[in-house]
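So you can see what is in the structure, the chains are spelled out below.
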Amino acid sequence: MSYNWNWSIFFEPAPGGTGTYFDMLLRGLWLTIQTGVCAWIIALAFGSVIGVLRTLPSKTAYWIGFAYVEFFRNMPLLVQLFLWFFVLPELLPRSWGLWLKQIPDAPFYTAAIGIGLFMSARVAVQLAAGIASLPRGQKQAATALGLTTFQAYRYILLPIAFRIIMPPLTSEFLNTIKNTAVAITIGLIELTGQARSMQEFSFQVFEAFTAATVMYLLINIVVVVGMRFLERSLAIPGYITGK
Amino acid sequence: MIEISHVDKWYGPTFQALKDCTTSVAKGEVVVVCGPSGSGKSTLIKCVNALEPFQGGDIILDGIKVNDPRTDLPKLRARVGMVFQHFELFPHLKIIENLCLAQEKVLGRSHDEAVAKAEKLLDRVGLKEHARKYPAELSGGQQQRVAIARALAMDPIAMLFDEPTSALDPEMISEVLDVMVDLAREGMTMMVVTHEMGFARKVAHRVIFMDRGEIVEDALKEDFFGSPRSDRAQKFLSKILAH
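Protein chains in written order, with this note's numbering: chain E, 1 to 243; chain L, 1 to 243.
Among the clues, some could well be false.
Pair ranges (Cβ atoms, derived) [as the list claims (entries may be wrong)]:
| # | chain 1 | residue 1 | chain 2 | residue 2 | range |
| --- | --- | --- | --- | --- | --- |
| 1 | L | 62 | E | 150 | 22 to 28 Å |
| 2 | L | 15 | E | 132 | 19 to 25 Å |
| 3 | E | 235 | L | 68 | 42 to 48 Å |
| 4 | E | 136 | L | 62 | 42 to 48 Å |
Chain L regions said to be covered by chain E (calculated; three or more residues, Cβ under 8 Å) [unchecked claim]:
| # | segment |
| --- | --- |
| 5 | 14 to 28 |
| 6 | 133 to 143 |
Among the chain E residues that face chain L by a calculated CB cut under 8 Å, a handful are [to be verified]:
| # | residue |
| --- | --- |
| 7 | 138 |
| 8 | 141 |
| 9 | 160 |
| 10 | 229 |
In case anyone wonders, no lab produced these hints; they're calculated from the structure. Cβ coordinates follow ideal geometry from the N, Cα and C atoms, glycine included.
If we strip away everything but chain E, and leave its shape as in the complex, we get (with noise of 0.2 Å):
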């Protein structure tokens, strides 16, 4: 194989006018994180509200909470972001359909809140875990003082499964950021498809996507250091994480 290495080729200009190919790759990180960061909120705040509907002693919230998670963790990620960016648009009503069609950035909100709900799945049946490793004991103790399901959960229940489910919350934050990427395929340059584009322009295959390895990697260590400082911060003296 000859390969014409060329690391410098991250500064020269790119086509379009736009900068080098460096800046080209940057935008893409910069929408990698935005990306990230919206579907993780949507993630977060949606597995919440169903991983505590599978713990209720209420069949029908069981049932709600199960039919979700099985609908968005049964569904390969890439088919779940087809649907909704080229087949929801046609089953609305017509000028719905028009309108959603002509949102700008469009790939963008698809993205964000597809990789949210697919991972607000799996959120939920961590929180879920979470809350059922609890003594049962503490849920009738917040009971008995008379505190209502709502304030036992808010300020009993939930403060300590998330306490306990930060490592593998770590992880699916990971698994948001970097399932980004499945967004290529809906016409979102992200990092991923910079890296694409630069291979494209300058046929410097290698560089182009040694440099998205080594942001992908950049973003994930400020990730794992941040939330092993929150999970310290956070910890409880004498129990479980604490010291």
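We have chain E already, so just place chain L on it with the hints.
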């Protein structure tokens, strides 16, 4: 104060945990409930503040029917203190916060008011200097005394104890019983599930003996320890008093 009449409870369609239980606790009375494990004594006491639902009979607490669907259960539960076998302090909250949470969220007391009340009660159970620690940093006996203080902080009209010393090391039992004896002598209405016959002799007015979901014996303390009428109570007493 507590009227229990003809209470039946089933777990599932086949297992009957409580069979036609009828008894009462008058204001200022201390009633000890004992019996072999699985006899339904913990279940009975948890029915009193509706932590466990029951299918037949009625429980009336200070004139309010517990099993009436219109009863505001959180409000009713806030008026009855409960102490659990495994303490069930909230591990993520400092001792003082454990005592303040329900005062503020349920009774609507101001933070300062709640703290003042909490400090007074911690002083009373001899743990004032531990107010800023977390539950896991205290010994079992200390945690249980905090749990009693937490229940008292709600100014309860009655206290329920569910095997409060069963999870404690022997040398810690007396520090918890001392607090309970003081409470009984001050005229608190108490229903206590326990095997501590010394405690029963010292402060109980009546002793209830349960076996297989039934109240087998409901007698004045003197009568119970003098000459229990039922065989089963005699056997039980001879076993636990033999050592």
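Point to revise | Unmet hints by their number, sorted upward, for this structure | key: Violated hints: 4, 5 and 10; rest satisfied.
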